[in-house]
Amino acid sequence: DTEVTQTPKHLVMGMTNKKSLKCEQHMGHRAMYWYKQKAKKPPELMFVYSYEKLSINESVPSRFSPECPNSSLLNLHLHALQPEDSALYLCASRLAGNTDTQYFGPGTRLTVL
Amino acid sequence: QKEVEQDPGPLSVPEGAIVSLNCTYSNSAFQYFMWYRQYSRKGPELLMYTYSSGNKEDGRFTAQVDKSSKYISLFIRDSQPSDSATYLCATSRVGGDMRFGAGTRLTVKP
Chain A
1 DTEVTQTPKH LVMGMTNKKS LKCEQHMGHR AMYWYKQKAK KPPELMFVYS YEKLSINESV
61 PSRFSPECPN SSLLNLHLHA LQPEDSALYL CASRLAGNTD TQYFGPGTRL TVL
Chain B
1001 QKEVEQDPGP LSVPEGAIVS LNCTYSNSAF QYFMWYRQYS RKGPELLMYT YSSGNKEDGR
1061 FTAQVDKSSK YISLFIRDSQ PSDSATYLCA TSRVGGDMRF GAGTRLTVKP
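Sequences listed follow chains A and B, in order.
Okay, so the first sequence: first residue is 1 according to my numbering, each after it adds one.
Okay, so the second sequence: first residue is 1001 according to my numbering, each after it adds one.
Source of the hints: derived by calculation from the structure; they are not laboratory data.
A couple of the hints might just be wrong.
Claimed, not checked - Simulated pairs of lysine to aspartate or glutamate, DMTMM-like, Cα-Cα distance not exceeding 25 Å:
| hint | chain 1 | residue 1 | chain 2 | residue 2 |
| --- | --- | --- | --- | --- |
| 1 | B | K1042 | A | E67 |
| 2 | B | K1067 | B | E1057 |
| 3 | A | K19 | B | E1015 |
| 4 | A | K40 | B | D1097 |
| 5 | A | K41 | A | E3 |
| 6 | A | K41 | B | E1003 |
| 7 | A | K22 | A | E67 |
| 8 | A | K53 | A | E84 |
| 9 | B | K1056 | A | E3 |
| 10 | B | K1056 | B | E1015 |
| 11 | A | K36 | B | E1005 |
| 12 | A | K40 | B | E1003 |
| 13 | B | K1109 | B | E1003 |
| 14 | A | K38 | B | E1057 |
| 15 | B | K1109 | A | E3 |
| 16 | B | K1067 | B | D1007 |
| 17 | A | K19 | A | E52 |
| 18 | A | K38 | A | E84 |
| 19 | A | K38 | B | E1005 |
| 20 | B | K1002 | A | E84 |
| 21 | B | K1070 | A | E44 |
| 22 | A | K22 | B | E1005 |
| 23 | A | K36 | B | E1015 |
| 24 | A | K19 | A | E3 |
| 25 | B | K1002 | A | E52 |
| 26 | A | K36 | B | E1057 |
| 27 | A | K36 | B | D1007 |
| 28 | A | K18 | A | E44 |
| 29 | A | K41 | B | E1005 |
| 30 | B | K1067 | B | E1015 |
| 31 | A | K53 | A | E24 |
Stated by the list, open to error - Now the stretches of chain A that chain B is said to cover, found in silico as 3 or more residues with beta-carbon under 8 Å:
| hint | region |
| --- | --- |
| 32 | 63 to 74 |
| 33 | 101 to 111 |
Don't be surprised by glycine CBs; every beta carbon is placed ideally from N, CA and C.
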């Protein structure tokens, strides 16, 4: 099973709303990622969690707040977003160690009004 | 200079054609090479994965890595309309994060 699940599939929110994106994997992967992807562009790395600890924050604005409650779950809390934050938000996971293949979820398509 | 260069296309071929997709990279420390296929409005799907130089074949797909020239390729034989998607190459160092190419949009016409 190489499945990463993400909810919701679609999200529309206003600039004053607070919402959360969720990601789950049961492959025993110990590294989990959040990416942002704009149309016709490759994914851009936002955050990396390794063994449930934040290891990389690619200078992401504080209106995006990641959380890793346990080794299977990854959340992305959203607050006071801007219309330019509208994008496909992808979660990925990787088996920590020398195997560097990341498996992606289907993404959450976010629209900020 | 971007770490991974990939022609974004678009590339259009007739059904049954052999498709060649290519990327170049700049960091000789990259050891892992991946190809992802992404359909419109979906997440990237891992298609091929190779470690270091060499070829890897999986059905109609063949991935090639030439570390001496820092060149990676994906060949699709007997292309089908269902192969129409964006193909992203990606590389990484051991324990490092992935670097993506821009993605090539492929259309296979019936």
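Hint-by-hint comparison with the structure:
no.	hint	in the structure
1	B/K1042 / A/E67	holds (23 Å)
2	B/K1067 / B/E1057	holds (18 Å)
3	A/K19 / B/E1015	violated (44 Å)
4	A/K40 / B/D1097	holds (21 Å)
5	A/K41 / A/E3	holds (23 Å)
6	A/K41 / B/E1003	holds (15 Å)
7	A/K22 / A/E67	holds (10 Å)
8	A/K53 / A/E84	violated (28 Å)
9	B/K1056 / A/E3	holds (23 Å)
10	B/K1056 / B/E1015	holds (23 Å)
11	A/K36 / B/E1005	holds (19 Å)
12	A/K40 / B/E1003	holds (18 Å)
13	B/K1109 / B/E1003	violated (32 Å)
14	A/K38 / B/E1057	violated (31 Å)
15	B/K1109 / A/E3	violated (30 Å)
16	B/K1067 / B/D1007	holds (19 Å)
17	A/K19 / A/E52	holds (21 Å)
18	A/K38 / A/E84	holds (10 Å)
19	A/K38 / B/E1005	holds (18 Å)
20	B/K1002 / A/E84	holds (24 Å)
21	B/K1070 / A/E44	holds (22 Å)
22	A/K22 / B/E1005	violated (32 Å)
23	A/K36 / B/E1015	violated (33 Å)
24	A/K19 / A/E3	holds (24 Å)
25	B/K1002 / A/E52	violated (30 Å)
26	A/K36 / B/E1057	violated (31 Å)
27	A/K36 / B/D1007	holds (21 Å)
28	A/K18 / A/E44	holds (22 Å)
29	A/K41 / B/E1005	holds (13 Å)
30	B/K1067 / B/E1015	violated (31 Å)
31	A/K53 / A/E24	holds (16 Å)
32	63 to 74	violated (count 0)
33	101 to 111	holds (count 8)
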